[in-house]
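Enquirer: So you can see what is in the structure, the chains are spelled out below.
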Amino acid sequence: MSTFLEAVIRGLGTGSVYALLALGFVIIYKATSVISFAQPALMLSGAVVTSYLVPAMGVVLFTGFSFFFSVAVAAIITAILALVIERLAIRPMVGKAVFVVAIITLGIDIAVRVVVNGFIGLGARPIGFPWGLDRVTILGLDVQIRHLVMMGTVTLVVTALYLFFQRSRYGLAMRAAAFDQEAAMTMGVSVGGVFALSWAIAGALAAIAGSLLATGAGVDRQLWIVALVALPAIILGGLDSLEGAVVGGLLIGVAEALVGSYQRDLAPWLGDNVALVSPYILMLAVLLVRPYGIFGTPEVRRV
Amino acid sequence: MTTTTRPGTAKVSTKVSGRPGFYRSYSQELALFNTRPKQVGVAAVVVLGLLGPFVLEDALLRTLAIAFVFAIGALGLNIVTGLAGQVSLGHAFFLGIGAYTAAAISGDPDGRTIGFGIEEMWVWLPASGLVAAAFGVAVAPLATRLRGLYLAIVTLGLVFIGEHVFREWSHLTGGAGVGRSAATPQLFGFDFSQGTEMFSREQQLYLLMFVLMLVFALGARNLARSRVGRAFSAVRDRDMAAEMMSIDLPRTKALAFGISSFYAGCAGGLLYTVSGFFDPASFNLLLSVQFIAMVLIGGAGTVGGTIAGALFVSLLPTLTRELPNFIPLISRQVTETPNVFQVEQVLYGLLIVVFLLFEPRGLYGIWVRVRTYWKSWPFSY
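Line order of the protein sequences matches chains A and B.
Quick note, the first sequence lines up with residues 1 to 303 if you use full-length UniProt numbering.
Quick note, the second sequence lines up with residues 1 to 381 if you use full-length UniProt numbering.
A few of these clues could be false.
As the list claims (entries may be wrong) - The following label-pair restraints were derived from C-beta to C-beta distances:
{"hint": "1", "chain 1": "B", "residue 1": "Pro328", "chain 2": "A", "residue 2": "Thr137", "range": "21 to 29 Å"}
{"hint": "2", "chain 1": "A", "residue 1": "Gly192", "chain 2": "B", "residue 2": "Val368", "range": "25 to 33 Å"}
{"hint": "3", "chain 1": "B", "residue 1": "Val45", "chain 2": "A", "residue 2": "Arg175", "range": "50 to 58 Å"}
{"hint": "4", "chain 1": "A", "residue 1": "Ser33", "chain 2": "B", "residue 2": "Asp248", "range": "26 to 34 Å"}
{"hint": "5", "chain 1": "A", "residue 1": "Glu182", "chain 2": "B", "residue 2": "Arg230", "range": "28 to 36 Å"}
{"hint": "6", "chain 1": "B", "residue 1": "Leu187", "chain 2": "A", "residue 2": "Gly192", "range": "53 to 61 Å"}
{"hint": "7", "chain 1": "B", "residue 1": "Trp169", "chain 2": "A", "residue 2": "Thr155", "range": "39 to 47 Å"}
{"hint": "8", "chain 1": "A", "residue 1": "Asn273", "chain 2": "B", "residue 2": "Gly111", "range": "20 to 28 Å"}
Stated by the list, open to error - Just so you have them, the derived chain B footprint on chain A, three or more residues with Cβ under 8 Å:
{"hint": "9", "stretch": "107-117"}
{"hint": "10", "stretch": "227-233"}
Don't read these hints as lab results, they were simulated from the structure.
Glycine included, each C-beta is placed from N, C-alpha and C at the ideal position.
Next comes chain B alone, as it looks inside the complex (with noise of 0.2 Å):
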């Protein structure tokens, strides 16, 4: 192993068969993708989420669509939960702004909601974001003055403010129960919700909403090795001692809201866009339980792990309709109890509970636990 004190300019030894991929140097323990393994796991990710459209049925691909929708709003509440260390609640709050943003900029202007008419989908995608972060911004104030669960309350109110609003500015949203068309996907003036001869509406969906996600993860795996992502751990890690290394506190807490809410404003505009329709009452706590499940199951601070874990979490309700045919006590209808959608949220509860109580890493911390299984095999330490 060769050791430098220059970053950059290491000598890069000749790999010892056998062993597995080491840091050399200090650069390349801070680079994107810093082993070879991650390298590999990556571009084949890519590659089969690529292939995805042309082996999978049309049900299951508009499924994934809105878990990779949800993969870029889950990404958002780790930046500031996971990295940071600020506990939200509010993460709904932020979609629901996205998502009406984004359906007003493209809605029809003689409509009977506000829309501007604006189609394309690189003005309202980065505008549904900037309102949110502004949102977010502006919740800082009270966000750096206080800690832990005062926080975590001040955020629950945030939803429930928001709630409010969605629901009585029918104006805007289209009023409960009613709803409003959401945003067009149209980029260029190709729109993507328009099946063509050789994609289907959900493959070019899916497609779209992959691509998107890999940029939004890149932007966040990029973020956590800036300098701003270690002053987010610093924070996260110890506060006080963040301030003492003269980490402004009330700025980088900011910052990180800005951030995540960016993301869960865009999170927001494109959920709507892709599932078609969304009661204002939806962007409820429940949605943000959600995203902190899909968090927590799924790693807190690791971008693979939260992906994987939203991916769980959004495909859960595929697998609970399984659960009938395999039990028979379980009932499909809302009616009976029990049903598919109470074990569903019921798992929602436990696997929250479950996961931080044996595995506080979640799907991540399983991962590594066999990677180094692997790693040190046959020796058990």
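Only chain A is shown next, with the shape it has when bound in the complex (with noise of 0.2 Å):
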């Protein structure tokens, strides 16, 4: 039973990185209705980035808020990056077939990645975070502190983020925008401005994202791959649906941690590391029943 809870937590912990990079997917289709792979390298720049503040932090502030500090500072550069790819990138093709957008923001992904991994080098990168791998006893549960720190953060972010959707001027125009662009403009608001703003709060939180998910093994060129977990994640949810978002990356989060510490005992004949592709079949699993994710909205269709 406690291998099973323990199991849960930790997928808890990793499904809430999950959540928080798929809720930056879902903001920019909401927004766009554009997928941006670019999100990978968004988190790994993000991650980068808080690997070489924080030494040059802990200069200045004691151990434990430098993290935390850096991360903030982190994900205010990424979103600026960020801005900058809509700016050159993005904002010319307003109104091309969003596939068209879509495999460039691959094409971003590719060439943004390979500049930050100059940063990274050979090996992985350390990230700062001061309590490392270690591990407290709660209820006679063995949890690893970074996944406590993990689901702590994104129940702040998300928090934010309702607050910001709901009570904030620019979150009424989000929302307005991503109901109805053409009435929206029609009533003032800046339909630019909010592709620009959905793209900067996404590069914030895949920075945050990768910052935390950095905690474990560190920064390295691998990291990557671990946003588009996210997209399984997305799916399950429904591309267009924020709760989506948060369910489906938790649940993510949660299989693959099962699957991780239950599949070897129960069939070994799958090979190592199926925990890895499991958001993968999972999510094929769930779009043969649901094609639009559980909290998407079904497209219509007209002529």
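Join the two chains into one complex using the hints; note that each chain is given alone, in its own frame.
Expert: Now the structure itself:
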């Protein structure tokens, strides 16, 4: 039982990071109806910026605080990077086929990632997470502190996002633009501004997610693949649903952790590392039943 | 200009001198090579291609042979994405299936990996295509329910699942980092991978791949003008309208995936054979993206453009390897930055972006522009 519960907590930890990434995808999708395949690059660059900032900050600030402060700064820097990408490559493509724009983001992803890899070097860069891989015992369960930090951070970020969308002018503008772009424009909403804002938010979320993920083994060149795990999460939840992104992310995280703990005993013939592909298998299974995810709105087709 | 309502019976009017080749009848417009410049152009390319082995060095021939195989795969992706409008990021998966099917059929029956010892190419090549096509059709039930970006993500999932299977099923693939020997390119007892007195190994493989590419290109071009191909285009342009015209959407999409996967499977088998070694983990997302780059850089929906794009993308590494000679800042060593491999990857990414931003019709579009310019010269319209 404790193995099961520990796996679930581990899954909720990584799952909440997937939720952050998935939120980024969904926010961009809702605003521009494009899936940004550049999220992995943004996530990686956020993590790299954090890994450079923490040692620099460590002189000024005390240990526990420098990590979180660096993550916040990295989020802002990555948001600016996302803004630049949006301005240069995405804005000129407004009105073109969504697939074309999606492929553009794929190209950007490759280019940015190669540049960022240059800053990582060959091995892994430590991220300066104050607790490392330390564990605590809660109610008899052996839990890594970093998973608790992940859950805490994500709860905070999701609350902030909720307040932003519900209470602020800009959040209202974004909701309006997502609902009906033309109507929003006639009401004085700058749709271009909404596009830019959605990219900036997604970039910031990706940076936070990347930094949190790297708390385990540090930043290495393979970290970006994790960002793609958020894709099954948004498909599970539904491409256009923010709640779906969070739920999907958590579900994927838990499923992955459970497969990771039990597959070796139950189905060893599947080979090692099935956990890594389990999100995709889960996605295919769900899509056979619900083509638009759990919370997604089915596309209305009109002639 | 004569007009006629009955295709095929048009009176061919005498050619007005100085005019470019117009279509003179419906049947001519639908013909395989419908204008004189196209006929001449294709003939010239074929002759040039056949001259290749006699003038080029072996190293370049080898690269070109691989480029031709990439072109076959890109033609496949062009059918499903350029022609039928179904986004597929899963091309590498089908390539991998083809490669290992071919290797298994041709492989040594007593070896450490699965093998059936049938080395004849006319057996393993269609077989690798058919097995990949079977997987393509098996994916189709999902593909037909989904559209646009949902489909892109699902096909992306295929690549990850495939990569895992290839890595773990070492009985078939030889395992990561080890690999297995590729299929033998043997046709009616003649082994193309063994050099003879007249031709070296590279020259033979080049010629074989060139001819195969022509066959596949002809097939793709023919498909595009057939009933099925026109149904594909209708689905791409507006699937609802296509459905109204009584095109069976699920069937058409499944067919597009099947044919595309067939091409990918054949390309996979050939690619493995030409390059000799393939790590099971190389059938990954990057390979899929490279194929997308080929189709988009070349010009989606066109056969000539796709081949040009494939040649361009596969020869890009050869070009970037030359860069350190001109820009000393770029290193040849993997351990230093910036190195040629990084430049190469950045170029893939940026070329996709730049082409889509500025010339969405790709190399083919540039060609069309040049052609139009000379057609209407000295007037700019």
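Enquirer: Now tell me if each hint is right for this structure.
Expert: Hint check:
1. B:Pro328 / A:Thr137: 21 to 29 Å: violated (58 Å)
2. A:Gly192 / B:Val368: 25 to 33 Å: Once the Cβ atoms are compared, 32 Å apart, the range 25 to 33 Å for B:Val368 and A:Gly192 holds.
3. B:Val45 / A:Arg175: 50 to 58 Å: holds (55 Å)
4. A:Ser33 / B:Asp248: 26 to 34 Å: At 28 Å between Cβs, range holds.
5. A:Glu182 / B:Arg230: 28 to 36 Å: Between A:Glu182 and B:Arg230, where Cβ atoms are some 34 Å apart, the hint holds.
6. B:Leu187 / A:Gly192: 53 to 61 Å: holds (59 Å)
7. B:Trp169 / A:Thr155: 39 to 47 Å: Holds, at about 41 Å.
8. A:Asn273 / B:Gly111: 20 to 28 Å: For B:Gly111 against A:Asn273, whose Cβ atoms are near 26 Å apart, the range 20 to 28 Å holds.
9. 107-117: The restraint on the stretch 107-117 of chain A holds, since 9 of its residues have a Cβ under 8 Å from chain B and three suffice.
10. 227-233: holds (count 3)
Checked against the numbered hints above, the structure violates only hint 1.
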